[in-house]
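Using our numbering, read the sequence shown as starting at 2 and increasing by one per residue.
It is possible that some hints are incorrect.
Unchecked claim - Listed below are the simulated DSBU-like cross-link pairs for lysine-lysine, each with C-alpha atoms no more than 30 Å apart in a straight line: (1) K572 to K528; (2) K85 to K118; (3) K42 to K155; (4) K208 to K188; (5) K296 to K50; (6) K188 to K155; (7) K269 to K155; (8) K525 to K595; (9) K317 to K351; (10) K42 to K188.
Calculated from the structure, these hints are not laboratory results.
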Amino acid sequence: MKRIIKTFFFLYFCLSAAYAQQQEKNKEEILIISSYSYESKYIYSNITKFVNEYTRLDGKYSPVVESINCLSLDERTNWMNRMKKILDKHPDAKFILLLGPEAWSCYFSLTEEKYKKIPLGCIMGQRYGATFTDNAIPSLQVADTQKQGIVDYKQVMEQFNVRFFEYYEYDTDSDYKLITRLFPSTKNIAIISDNTYLGLSEMRIVKHTLEKNYPHMNLIYINGSRMDLEEALHTTASLPENTAAILCIWRFDKKNVIYMKNAEYLFKEANNELPVFSLTGTGIGYWCIGGSIPKYNEEVGVTLAQHVYQHIDKEKKDFPVYLHRCYNEFRFDMDKLKKFNLSKEMLPDKSIYINDTTLNWKEVLHNYRWYLLLMSVVMISLIVGIIISIHYSWHIHQLKNKLMDDKKRLEDSEKELRSAKDKAEESNRLKSAFISNMSHEIRTPLNAIVGFSTILQEETKQNKNIKEYVNIISYNSDLLLKLINDILDLSRLESDKQNFNFSKTDLIPHCQNVMNSIQTSINKDTKLYFRHSTLTANAETDLTKFNQILINLIGNAAKFTREGFIELSVKPDDEAQEWVFSVTDTGCGIPSDKQKAVFERFTKLNEYVQGTGLGLAICQITVRKLGGRIWIDPEYTQGTRFIFTIPYKHVRDIEYTPDC
2 MKRIIKTFFF LYFCLSAAYA QQQEKNKEEI LIISSYSYES KYIYSNITKF VNEYTRLDGK
62 YSPVVESINC LSLDERTNWM NRMKKILDKH PDAKFILLLG PEAWSCYFSL TEEKYKKIPL
122 GCIMGQRYGA TFTDNAIPSL QVADTQKQGI VDYKQVMEQF NVRFFEYYEY DTDSDYKLIT
182 RLFPSTKNIA IISDNTYLGL SEMRIVKHTL EKNYPHMNLI YINGSRMDLE EALHTTASLP
242 ENTAAILCIW RFDKKNVIYM KNAEYLFKEA NNELPVFSLT GTGIGYWCIG GSIPKYNEEV
302 GVTLAQHVYQ HIDKEKKDFP VYLHRCYNEF RFDMDKLKKF NLSKEMLPDK SIYINDTTLN
362 WKEVLHNYRW YLLLMSVVMI SLIVGIIISI HYSWHIHQLK NKLMDDKKRL EDSEKELRSA
422 KDKAEESNRL KSAFISNMSH EIRTPLNAIV GFSTILQEET KQNKNIKEYV NIISYNSDLL
482 LKLINDILDL SRLESDKQNF NFSKTDLIPH CQNVMNSIQT SINKDTKLYF RHSTLTANAE
542 TDLTKFNQIL INLIGNAAKF TREGFIELSV KPDDEAQEWV FSVTDTGCGI PSDKQKAVFE
602 RFTKLNEYVQ GTGLGLAICQ ITVRKLGGRI WIDPEYTQGT RFIFTIPYKH VRDIEYTPDC
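Full structure from sequences and hints, please.
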């Protein structure tokens, strides 16, 4: 029984491991292939920034890192096999990133079509690289069409599905011109490179450029693939006069001994008088004078992650190919410039200097001008503030006693103002009550006069003279009655004694009734129109007050329109939730500077036209009490157009403040 249980668990774990291995094998990944150990500084930095940015974008594919572990050229026959093993290990790679020129060269040596279809990203490499054409070497068989030992990866990439390509170029031509300008007696140039693919590529680039453009210059090769460090140091120490050197890189010699910066210090001690210029930035700060150096993009990992995310996660297959060259900059060591008696004036503009201990006031003022300006403004502000503070302290001390006296006077004035305000309010109340009562008392006997005048008109039809006198009495009695009614209405509106009865109604029929009632009293040469864009105009309002507004406005229009037309129109404004009414005439019009004055009490623009001057003031107060607005259209110039609004629904507790 125990044997059966053990067998069962053994089979279970074997199947689980096989299933997990198969799942891992079929998993789609982003494959990162590094030329060197991914623990090196720049490899680690770029991979970390790529993974962090891709994770921040919530990418769905898993980045995995593999390394070819390229060291010296002596093991180059193994690089292609390592590349193929990595690719066989990850057959479902969704995107492949190649870091370093060795990885570029190995991958671009592949001939299978499936590898040419996988999307690629290439970073951390120079545009031109060395080639090997020996058939005994099963790697780096990139075509060298010009048989010069170097290949242009920018052209080779066109045969592959490269989606991201950032590269740099060594500016050997600028370095040569710099050398001959600073050291015009130079007859020999020593090229120092090591036993690595990078060193070999750089040496061939320098050799090709100098032999092509400057064939008269004698070239001396200090080649780590053919010399050990001791031989290289001896060659450096015995260089002839009028020789300058271009340093590519030195990490491995022919014995495959790895060196860090200590080798460059040994070169310096071997020939301290040798002017050395750096092709890659190596040695600047302790050995090399300077040179034209590629400015390596430290954020390329971030940009690469964003591009990969758009291409495979967002599946934007037509996303443009990223092709970018890192630009070069001149960099110099001030200590070396002083040693060789070289000045900044002899060097290119916008150069970068290290070990520069001299204080350049012009540069300081330029770089820190905004800080200096800010400090100056702050200091001036502080000084001005102190002066102002002293002035105001003295001034405040003087005003303090005066303010105490003013305070007492203000308190007394406040009491007087409160008393005057109370008296004014009481007087206003008594005035309104007096006007209301007097208007009522006057209107009662006046109604009797108007009534009996009407009876006399009927009784004196045969006597024309008496009839004319009676008509005059009746007409003026009507005017006096209207004046009293207007005063009474205005007084009640201002004292809030006027009652408003709001109810829901359709305003269209009432507008039509008002138009019909006025039709008989207008001039025969004047046409009366009523236009409405809707069949109904439902609103919650006081119908009596609404009719009073219409009668006042249309009556005014009839007074001043001898011929032409008077038009009443109504249309809805759903945004403001209100009806918009307009009364338009072709009369004499109202000047623009008088359009606000007509709403004031007892204002008459034409003294020869009968009227009290209160109608429009009553209209304005009434419209506002109903929740609307009233104004004169300033753009209409053929006469006068009054516009007022009535809300769809009455809003309670609308307070009115008189315009006085």
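*Enumerate the violated hints, using their earlier numbering and listing them in ascending order.*
Numbers 6, 7, 9, 10, in rising order.
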